[in-house]
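Participant: Protein chains in written order, with this note's numbering: chain G, 939 to 1049; chain E, 237 to 348.
Quick caveat, the hints were computed from the structure, so don't treat them as lab data.
Take these hints with a grain of salt, some might be off.
Below, a list of computed lysine-lysine pairs in the DSSO-like style, where the Cα atoms sit at most 27 Å apart [stated by the list, open to error]: (1) E/K335 - E/K305; (2) G/K945 - G/K1003; (3) E/K305 - E/K340; (4) E/K239 - E/K305; (5) E/K340 - G/K1003; (6) E/K239 - E/K335; (7) G/K945 - E/K335; (8) E/K340 - E/K239; (9) E/K335 - G/K1003.
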Amino acid sequence: SAVISQKPSRDICQRGTSLTIQCQVDSQVTMMFWYRQQPGQSLTLIATANQGSEATYESGFVIDKFPISRPNLTFSTLTVSNMSPEDSSIYLCSARWETQYFGPGTRLLVL
Amino acid sequence: DAKTTQPNSMESNEEEPVHLPCNHSTISGTDYIHWYRQLPSQGPEYVIHGLTSNVNNRMASLAIAEDRKSSTLILHRATLRDAAVYYCILRGTGGANSKLTFGKGITLSVRP
């Protein structure tokens, strides 16, 4: 199975600041995804980040708030911008080869 | 998007088989049935997937109804480590239909 790592694993941030989450995969992949999991809820897809194209955002998510980079086939970043307490969630990176795998998540608390 | 319906929760006893049901009456002919599970404080983990025929792997079995409108994930001998939220997800083969869209899942509790 694939290995997906995320940094940081958790963080506590002040409102109005931004946090960039890094996602590293252990083998090249075209399709990567970012999800959000709010407390006690299921996962919600934020965007699809395919290498070589602009990220595609789902309804309710915008690039200004969640800019994504995909510089190569093994790395992606998600930035949570101008944070508010409502952004407190787990953010998960995912990648699809034949099967789709998920990272361990980044637990974000915004005060 | 084709939707799935799962019970909210289920309890089982350790070392007994567990059957987790999923209804997907609006499934299309090209939708694969995927199961993922999420252990506490972890990201989702792939369990199994299938199209029409029943599937077996080292983790579980997937039984798919002949009309494909329902399926059952079978854990042959539940362990305490199998306590998790199990998600039944339909995934198509291209474009927007190929996204993994998570529902609420079913929370499985395993009693020692």
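Participant: Does the alpha-carbon distance linking E/K239 and E/K305 stay inside the 27 Å limit?
Facilitator: Status holds; Cα separation ~11 Å.
Participant: Need the status of pair G/K945, E/K335: alpha-carbon distance at most 27 Å?
Facilitator: holds (24 Å)
Participant: Regarding the pair E/K340 and G/K1003, is the alpha-carbon distance no greater than 27 Å?
Facilitator: It holds: about 25 Å lies between the C-alpha atoms, which stays within 27 Å.
Participant: Does G/K1003 sit within 27 Å of G/K945, going by the straight-line distance between their CA atoms?
Facilitator: holds (19 Å)
Participant: Taking 27 Å as the top limit, are the C-alpha atoms of E/K340 and E/K239 close enough?
Facilitator: At roughly 11 Å apart (the allowed maximum being 27 Å), E/K239 and E/K340 satisfy the hint.
Participant: Are the Cα positions of E/K239 and E/K335 separated by 27 Å at most?
Facilitator: holds (13 Å)
Participant: Take a quick look at whether E/K335 and E/K305 sit within 27 Å of each other, Cα to Cα.
Facilitator: holds (20 Å)
Participant: Please verify whether E/K305 and E/K340 have alpha carbons no more than 27 Å apart.
Facilitator: holds (19 Å)
Participant: Hinted pair, alpha-carbon criterion (27 Å max): E/K335, G/K1003. Please report holds or violated.
Facilitator: holds (21 Å)
In the structure shown, no violation is registered for any of the earlier numbered hints.
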